[in-house]
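Once you've looked at the hints, go ahead and assemble the two chains, each given alone in its own frame, into the complex.
Respectively, the protein sequence lines represent chains A and B.
Per our numbering, the first sequence starts with residue 1, numbered consecutively.
Per our numbering, the second sequence starts with residue 1001, numbered consecutively.
Incorrect hints may have been included.
Result set (DSSO-like, lysine-lysine): computed pairs, CA atoms no more than 27 Å apart in a straight line [as the list claims (entries may be wrong)]:
1) Lys234/A with Lys187/A
2) Lys115/A with Lys198/A
3) Lys1090/B with Lys242/A
4) Lys140/A with Lys231/A
5) Lys1184/B with Lys1108/B
6) Lys231/A with Lys1059/B
7) Lys1059/B with Lys1090/B
8) Lys234/A with Lys1090/B
9) Lys1126/B with Lys1136/B
Estimated spans, in silico, between C-beta atoms of each pair [as the list claims (entries may be wrong)]:
10) Glu1129/B with Glu190/A: 54 to 64 Å
11) Asp1217/B with Ser75/A: 30 to 40 Å
12) Lys231/A with Asp1148/B: 28 to 38 Å
13) Ile1122/B with Asp241/A: 51 to 61 Å
14) Asp241/A with Asp1173/B: 54 to 64 Å
15) Pro38/A with Glu1107/B: 56 to 66 Å
16) Glu1070/B with Pro182/A: 18 to 28 Å
17) Gly1145/B with Met56/A: 17 to 27 Å
18) Asn1144/B with Lys234/A: 22 to 32 Å
Hints were generated in silico from the structure; no laboratory data involved.
We put the beta carbon where it would ideally sit given N, CA and C, even for glycine.
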Amino acid sequence: MNNVFEIRDLSGWFGDNQVLKNIHMDIAQYTVTSVMGPSGCGKSTFIRCLNRMHDMTPGFRTTGEILFDGVNINSEAIDPVTLRRKVGMVFQQPNPFPRMSVFENVAVGLRLNGKNWSRNGLAEVVEKSLGMAALWEEVKDKLDSPGVSLSGGQQQRLCIARALAVEPEVLLMDEPCSALDPVSTAKIEELIEVLREKYTIVVVTHNMQQAARISNNVAFFLLGELIEMDKSGKIFTNPSDKRTEEYITGRFG
Amino acid sequence: MMGKRISEHYTEQLEGIRELVLRMGGLAEAMTRQVVQALVQRDGSLLPEVRSMELQVNKLHVDIDEACLEIIALRQPAGYDLRFVTAAIKINTDMERIGDHAINILEKTLSLLAVPPLKPLIDIPKMAEVAQEMLKDALDAFVNGDVDLAQRTIARDDIVDQLKDDIFLELIDYMSADASTIPKAMDLILVSRCLERIADHATNICEYVIFMVLGTDVRHREYPS
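With the rest of the complex left out, here is chain B (with noise of 0.2 Å):
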């Protein structure tokens, strides 16, 4: 590890942006777990939580937004401590639009609830468990710095891709049977369709992990494994 930092305030202020992002993380992780599980187990009644974890979660988009721009004004940081704050600021949208992503199951998740089921749940707790994963794994390869299990999170945005394309033509297949099915089939494609795009976000997390620890731009390329 490095030597020791001349301000102790400073290497403070850096732990205390990693700890908001790691709360706020903790916090989309939960909700993407919950409201999966309300859809699956047809149970109403862990929504209410998920409302007020969405909450904690803007309030904490500010606040990482905030203390980042802080630090940046106040520290002029350089080096690892810049591409880690600018990685803080980047992780943070994407977590945000996790939270928002979760509210979207959500309100498919209350209409989905209030009739009879289409079908038994077999591939969405399939992908949800998947992405879920991988934003766990994501957020653990930005506290420890660990590229390894980044590029390896990375990899597993395609299983992620393959159950969602699976799940769209299972349900066309129910659509074009019988009409009636449409509209929980649309709001079963639409949970598919957030879950793919909370995996998504994790893969970002992973290339901005990558970016803070070793200062290479994996974005938009095939990343060499």
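Just chain A, with the same shape it has in the complex (with noise of 0.2 Å):
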């Protein structure tokens, strides 16, 4: 299996406090993972990493190395532009643009990317992006109207199906059920499902019962460290480290 990121030796700091310690980490193509710990374990901070947004975090720095398809994200060839298309991203909070339209809302990526697009065009992606967030159906006789007035589940969809317009390579989410009842989270846990048939999907999730249902591999993090990694079901039935064991039954502290 291809690894799409291998991240060797990564630590990161916020000024001089050091909130990621030495973190070692494969994440293979086509393979959900969730990254699972408790709150201030570094596990955003983590996954931030992976498509540089803490770029405009006053006094965060790195050290280590982030390989993406076998390249260092923060050697100066890359375009932090042209890698957050590649390393999308979904938040906790649906958040799609206030005064654009559901097709704007999907288009915008597009457009920004500088190509040319005909309204044909446009359509064609918009569909099919809305088609694999699995909001096709229930958005399509309101295109126009604004994507804030969709249901948070919708929003939601709404801001993966902006995240797949631009085809990348890998979804990263940060909590996206968070703010979710149980029938949208069971709809965005089933999307999941089906896109790791195409693309790799790295999940931050503070439920442990999502991350035994949608993930391949766990990763467990704790005071910025890496504690494990292992198959979802080995993590959940017998993890190899005692503080994993503590976390995901309950005992902490």
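Structure follows, in structure tokens:
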């Protein structure tokens, strides 16, 4: 199996505060990896390193290497905008662009890519992306309505469609369901199940059952360290590290 | 030991399951002891209590599964807790079968007590003793998560199997020599078969204990000691 990401000795600091400690991790193509751990363990910081979302954070720096398809993403040759198109992100709170229609929310990424799109060409990609995000049937008659008029769960799928429209290789999801009800959550989880055939997915989640349901591999972080990464079945039945065991059984501290 | 768990109630629920398993194990053990005593001492007065214990065992069989299902549904146990609950469900089945075997022995005892003895019983009490010890140790291993005790208990199953073979051979001799002994000898063979099965169930319980503690499945292969 190909590794999409090879993370080597990654450390990260906010000022003097070290928040990631010597992380080694391989993320294989077409897998779902859940990143799990208590609040403040560095899991969100970690996945934000994977598409350089910290570039604008004052005082944040990293050492070590993050190889994406074999290339160090922090090297000068890498354009962060291009990187983020290949490594898309979906956030905790659905964040469709407030003044844009459903259609425009999906199309905007394509327009910003600079290519001159015909209306038909755009419409095709928008339909395909909404289809992949399992939203098309629900919104096909209201493409011109504001994106924010959709329900929370629909908005989150709209954000997934927006990320998919620019044909990424990887989808990073930072607690994508924590603001959603169980029905919407189930839809996102089913979607992840389908998307893993074409994309590599990394999900930060606080919900252990969700991690167990959706992921091939689970990485457990604690105080900035990667304690253990293994197949989900192993992590939830018989983890190797005592600290992982304590976390998943609810014993802690 | 592990750190303090966030939910005391969850801990109490798991403890509750452990207590039910122990209570059921104690009953299965007592049933086995008492029914063999009745057979060996030719004392039928011990038997009604064995029957009443079986009713309690059957009730616990249902209660334990119910408690385990509830904890799975409501708490989604993981790691050691998941293996503990899984072990409890499986041990539950084995203990219920032990109760059934004790009742089978009881039925044979009733017919054996109705007629003069075929011979003084020597190997059957010996076998019963080993099987009972195995059951007791299996339950202790479960309570204390004692892998070492579980392994030593599993090893003793061979003694029971050997005794069963000896009993079979001896009784076949009786039957060959005198066909009129066949009904009694057959009853004794069935008793020893039940005791052998009880030891097998104790072995199963030990295998679940090893799984519970180490997460290793040792069934259906030689365990490297």
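A quick look at each hint next to the structure:
Distance hint between Lys234/A and Lys187/A is fulfilled; the C-alpha atoms sit about 26 Å from each other, no more than 27 Å. Among the hinted pairs, Lys115/A with Lys198/A is consistent with the structure: their alpha-carbon atoms are about 24 Å apart, no more than 27 Å. Distance restraint check for Lys1090/B and Lys242/A: the Cα-Cα separation of roughly 25 Å lies within the 27 Å cut-off, and the hinted pair is therefore satisfied. Of the pairs offered as hints, the one joining Lys140/A and Lys231/A is violated, with about 38 Å between alpha carbons and a cut-off of 27 Å exceeded.
With a C-alpha separation of about 9 Å, the suggested pair Lys1184/B and Lys1108/B falls inside the 27 Å cut-off, and the hint holds. A hinted pair counts as satisfied when its Cα atoms are at most 27 Å apart, and Lys231/A with Lys1059/B does not qualify at roughly 39 Å. With a C-alpha separation of about 16 Å, the suggested pair Lys1059/B and Lys1090/B falls inside the 27 Å cut-off, and the hint holds. Taken as a hint, the Lys234/A and Lys1090/B pair is honoured in the structure, with Cα atoms around 20 Å apart against an allowance of 27 Å.
For the hint pairing Lys1126/B with Lys1136/B, the CA-to-CA distance comes to about 15 Å; that is within 27 Å, so the pair holds. Under the hint 54 to 64 Å, the C-beta atoms of Glu1129/B and Glu190/A, about 58 Å apart, fit the expected range. Range check, Asp1217/B to Ser75/A: Cβ separation about 47 Å, and the 30 to 40 Å hint is violated. The supplied range of 28 to 38 Å is met by Lys231/A and Asp1148/B, whose beta-carbon atoms lie about 29 Å from each other.
Taken as a hint, the range 51 to 61 Å holds for the pair Ile1122/B and Asp241/A, whose Cβ atoms sit roughly 53 Å apart. Taken as a hint, the range 54 to 64 Å holds for the pair Asp241/A and Asp1173/B, whose Cβ atoms sit roughly 60 Å apart. For Pro38/A and Glu1107/B, the hinted distance range of 56 to 66 Å is satisfied, since their beta carbons lie about 58 Å from each other. For Glu1070/B paired with Pro182/A, a C-beta distance near 20 Å keeps the hint of 18 to 28 Å intact.
At about 51 Å, the beta-carbon gap between Gly1145/B and Met56/A misses the expected band of 17 to 27 Å. One distance hint, 22 to 32 Å for the beta-carbon pair Asn1144/B and Lys234/A, holds here, with the actual separation near 26 Å.
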